[in-house]
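Colleague: So the protein sequences, as listed, match chains A and B.
Taken in order, the first sequence gives residues 0 to 516; the numbers are from numbering that gives the first Met the number 0.
Taken in order, the second sequence gives residues 0 to 300; the numbers are from numbering that gives the first Met the number 0.
Source of the hints: derived by calculation from the structure; they are not laboratory data.
If you're wondering where the values come from, they're calculated on a predicted model, not measured in any experiment.
The C-beta atom is built at its ideal place from N, Cα and C for all residues, glycine as well.
Warning: the hint list may mix true and false statements.
To be verified - Label pairs and their calculated CB-CB ranges: (1) B/LEU204 to A/GLU123: 47 to 55 Å; (2) B/GLU123 to A/ILE458: 32 to 40 Å; (3) A/LEU33 to B/THR268: 50 to 58 Å; (4) B/VAL88 to A/PRO439: 48 to 56 Å; (5) B/VAL211 to A/ARG441: 46 to 54 Å; (6) B/VAL88 to A/ILE458: 44 to 52 Å; (7) A/LEU313 to B/ALA39: 48 to 56 Å; (8) A/ALA315 to B/VAL211: 49 to 57 Å.
As the list claims (entries may be wrong) - Below, in silico cross-link-like pairs of lysine-lysine (DSSO-like), each with a Cα-Cα straight-line distance of 30 Å or less: (9) B/LYS73 to A/LYS516; (10) A/LYS183 to B/LYS73; (11) B/LYS73 to B/LYS194; (12) B/LYS73 to B/LYS61; (13) B/LYS264 to B/LYS188; (14) B/LYS160 to B/LYS61; (15) A/LYS6 to B/LYS61; (16) A/LYS413 to A/LYS488; (17) A/LYS183 to A/LYS488.
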Amino acid sequence: MAHGPAKGIGRWLFTTNHKDIGTLYLWFSFAMFLLGGTFAMVIRAELFQPGMQLIKPEFFNQMTTMHGLVMVFGAIMPAFVGLANWLIPMMIGAPDMALPRMNNLSFWILPFGFSLLASTLFMEGGGPNFGWTFYAPLSTTYAPSTVNYFIFGMHIIGASSIMGSINIIATVLNMRAPGMTLMKMPMFVWTWLITAFLLIAVMPVLAGAVTMMLMDINFGTSFFDAAGGGDPVLFQHVFWFFGHPEVYIIVLPAFGVISHIIPTFSRKPLFGYSSMVYATASIAFLSFIVWAHHMFLVGMPIGGELYFMYATMLIAVPTAAKVFNWISTMFRGSISYETPMLFAIAFVVLFTIGGFTGLMLAIAAADVQYHDSYFVVAHFHYVMVAGAVFSGTAAVYYWLPKWCGRMYNETMGKVQFWISFIGFNITFFPQHFLGLAGMPRRYADYALQFSDWNMISSIGAFIYGASQLLFIFNVIRTIRSGTPVSEPKTWEGAEGLEWTVATPAPYHTFATPPEVK
Amino acid sequence: MSTDSNYYVPESSRLPIFAATGMGVMAYGAGSWVQGGSAAFFLAGALIMAFTLYTWFSTVIKENMAGMNSDQLKRSYVWGMSWFIFSEVMFFACFFGALWYVRVLALPWLGGEGGHAESSLLWEGFKPEWPLMTTPDMVVNGDAARFKGPDENMSFPGWDKLFSWLPLWNTVVLLTSSVTVHMAHTALKNHNHTKFNGWLGLTVLLGGIFLVLQAEEYIHAYQHMGLTLESGIYGTTFFMLTGFHGAHVTMGTIMLLIQFLRGLKGHFTHDDAFGFEAASWYWHFVDVVWVGLFIFVYVLA
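I would like the entire structure built from these sequences, with the hints used as guidance.
Modeller: Structure (structure tokens):
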């Protein structure tokens with residue numbers, strides 16, 4: 000066994016250490032977050048006023064597409080894989096991930112995949128312009144020729160996800176310390192175990208979808224062409240069979256993070272641990288049988304609409320169980336409001352708003368009005384940004400002292416929280432109004448009556464974007480010159496094996512497994 | 000749960016970065032190749048990948064033979080292979096699902112069933128059927144159609160022609176190979192290496208025979224039946240499903256062939272033969288997929 004990190008660039012290229020790989024994932028995802036965020040700023044700058052000011056509509060379409068793809072596959076997913084790498088072995092008392100070399104491969108595929116994807120912006124024909132959901136025939140018959148790079152890029156990014164997930168499942172099922180039964184696992188480990196299962200189940204379906212596109216575009220098949228007997232709607236079914244579990248892939252690990260932070264700062268154990276586990280599993284199961292609620296307007300038979308509507312509404316039950324558990328954990332707790340806790344509470348509030356708008360969208364009859372409008376955009380940004388990104392930010396503040404042995408600047412953290420929180424809501428709350436008033440999503444221009452809310456939304460987006468620079472500044476400042484901390488428990492209320500090892504966490508932890516009682 | 004007191008964590012390794020590079024170059028190369036560019040990048044990436052995988056597997060085998068693998072690590076490999084096969088199951092499920100959707104829902108709707116779609120405006124006179132011999136394109140555009148249905152299809156030809164029906168023989172070959180690979184496993188467990196080599200060699204041979212038969216079938220389809228990838232949705236689903244299956248049989252045959260060569264070198268013992276076992280699970284998996292294909296692509300058509 001190696002004893003310490005290697006020197007130079009080789010440490011990062013050849014590493015098999017879960018902490019190194021976790022760090023790589025986290026930095027990569029932050030870089031992608033900035034890239035995707037830049038695309039978002041371009042979008043909001045163009046939408047600041049009606050009419051076309053800065054960019055052409057063709058480029059606007061590439062921006063919305065790349066923003067979605069980069070944020071979903073490049074920023075949020077790798078961020079949680081990074082957290083999983085850092086934390087799961089420490090939380091279950093394992094020395095490393097089960098398959099450390101494959102772990103390195105899972106990460107290093109990503110820079111290749113995303114370079115390929117991003118480079119299409121500079122190629123003839125431009126980047127993907129068919130929306131992050133790449134519906135056929137926009138992504139087949141009418142796609143730019145660079146779509147082939149997009150397809151193969153998605154193939155290797157998918158392979159990376161599958162390998163990462165196999166690794167996580169093998170680690171959790173096989174490497175837990177003696178005495179750590181499944182029902183004693185920390186919630187973050189549970190949520191990731193279930194997430195990894197979802198990933199292995201649906202990433203191959205995404206691979207199937209892009210393969211069908213590839214064949215239709217280049218080899219004369221007719222999966223999505225009614226002329227040959229295929230059906231463009233088939234694409235949507237295949238895509239959303241992947242796509243709906245995908246949103247839970249993104250948010251379940253976020254649930255896990257929140258289930259650690261709220262108990263710590265409430266100084267109480269998590270309320271209803273086992274119901275949390277069952278709720279997570281139920282959400283995962285339901286996520287496979289609700290996909291067509293994204294497709295209420297494609298002309299499904301009424302029976303199908305009703306089924307997908309009711310099945311979708313069922314998801315509210317386990318999700319509500321989670322929200323009530325978090326609130327019950329806080330109830331009569333001895334709460335303090337450090338930065339991670341602020342983000343966690345904001346998560347609960349804002350995610351719940353996003354959940355409720357989801358319920359509105361689930362009503363098939365009402366969705367006729369909401370469909371493909373800014374209401375949908377507002378809805379999924381409440382769950383993706385206030386859900387996944389806020390919890391990822393909370394996780395970084397929460398575990399950063401354990402990772403680097405230095406404390407972040409609390410005041411700066413709180414300031415960043417409030418700017419983020421306010422900026423986020425200024426950006427996305429008005430989009431509910433825009434959507435209800437009839438503004439369609441993915442349009443480069445809009446009618447004059449939408450001007451005011453769009454301008455406010457853009458101002459909010461610039462505020463939110465700027466707050467991320469404060470975040471990265473705080474993190475880098477902490478790593479370079481933060482106040483050193485050395486006690487194993489950074490937070491007095493924190494529980495779990497990761498808080499029993501030295502601070503900063505040594506390069507190798509748990510060479511011999513700890514005993515869990 | 001862990002029962003071991005010591006773990007094996009490999010030293011840092013150059014293998015993964017080479018593999019990632021290989022995949023990246025392959026992805027770029029494939030993208031430019033399919034749109035008419037040169038195949039050079041794709042082939043270069045594939046070469047890097049092949050070389051890396053060869054080295055990687057050799058390393059893993061050497062580590063195991065040097066006794067470096069704990070029982071726990073061996074279990075991790077077992078989990079790894081099992082979940083990989085599950086991901087493959089989902090990949091095929093995607094294409095089977097597409098076939099089901101087209102046959103059961105999309106085509107009847109395209110023909111106007113249930114009044115779900117006003118398809119008569121675009122595809123006047125289209126009659127849904129399966130196998131789809133007359134595409135909507137042909138109904139409207141006649142000889143100018145881009146998607147022309149096949150002249151013949153691969154469906155069950157009737158009991159009188161049963162024994163000259165190639166898919167039946169393919170089924171026999173592949174199911175037999177599942178039995179022979181199981182016999183090889185039993186022989187290995189009984190410490191009988193001669194029988195192990197024999198049964199495994201036979202399995203590889205059957206895999207090869209299957210591939211030859213499938214190549215025959217494809218050549219026949221293209222040359223005599225007018226059935227190609229471009230023959231509308233029937234040709235599309237037929238070739239994509241059987242083609243991906245064939246690709247997996249090819250993979251499985253290569254995997255088993257490597258295990259056969261390793262067996263000749265005496266790599267396996269009755270209780271330590273993960274490479275062989277993993278390949279045999281994969282083989283059983285492609286067999287099960289074939290049974291699904293035989294039923295849903297050939298028989299029930």
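Colleague: Indicate, hint by hint, whether the structure satisfies it.
Modeller: Hints versus structure:
Taken as a hint, the range 47 to 55 Å holds for the pair B/LEU204 and A/GLU123, whose Cβ atoms sit roughly 49 Å apart. Range check, B/GLU123 to A/ILE458: Cβ separation about 53 Å, and the 32 to 40 Å hint is violated. Taking the beta carbon of each, A/LEU33 and B/THR268 are about 53 Å apart, inside 50 to 58 Å as hinted. Separation of B/VAL88 from A/PRO439 is about 39 Å and departs from the stated range, judged on CB atoms against 48 to 56 Å.
Between B/VAL211 and A/ARG441 the beta carbons are some 50 Å apart, a value that agrees with the proposed interval 46 to 54 Å. In this structure the hint that B/VAL88 and A/ILE458 lie 44 to 52 Å apart at CB holds, the actual value being about 49 Å. Checked against the hint of 48 to 56 Å, the C-beta distance between A/LEU313 and B/ALA39 comes to roughly 53 Å, which is consistent with it. Checking the proposed 49 to 57 Å range against A/ALA315 and B/VAL211 shows it holds: the Cβ atoms sit about 56 Å from each other.
Between B/LYS73 and A/LYS516 the alpha-carbon distance is near 26 Å, which keeps this suggested pair within the 30 Å criterion. The straight-line distance between the Cα atoms of A/LYS183 and B/LYS73 is roughly 25 Å, inside the 30 Å bound, and the hint therefore holds. Distance check on the hinted pair: B/LYS73 and B/LYS194 sit about 25 Å apart at the alpha-carbon level, within 30 Å; holds. Only pairs whose Cα atoms come within 30 Å are accepted, and B/LYS73 paired with B/LYS61 is accepted, the gap being roughly 14 Å.
With a CA separation close to 17 Å, the supplied pair B/LYS264 and B/LYS188 stays within the 30 Å bound. Between the alpha carbons of B/LYS160 and B/LYS61 the distance comes to roughly 52 Å, so the proposed pair goes past 30 Å and is violated. At roughly 27 Å between alpha-carbon atoms, A/LYS6 and B/LYS61 fall within 30 Å of each other, so this suggested pair holds. Taken as a hint, the A/LYS413 and A/LYS488 pair is honoured in the structure, with Cα atoms around 21 Å apart against an allowance of 30 Å.
Distance hint between A/LYS183 and A/LYS488 is fulfilled; the C-alpha atoms sit about 20 Å from each other, no more than 30 Å.
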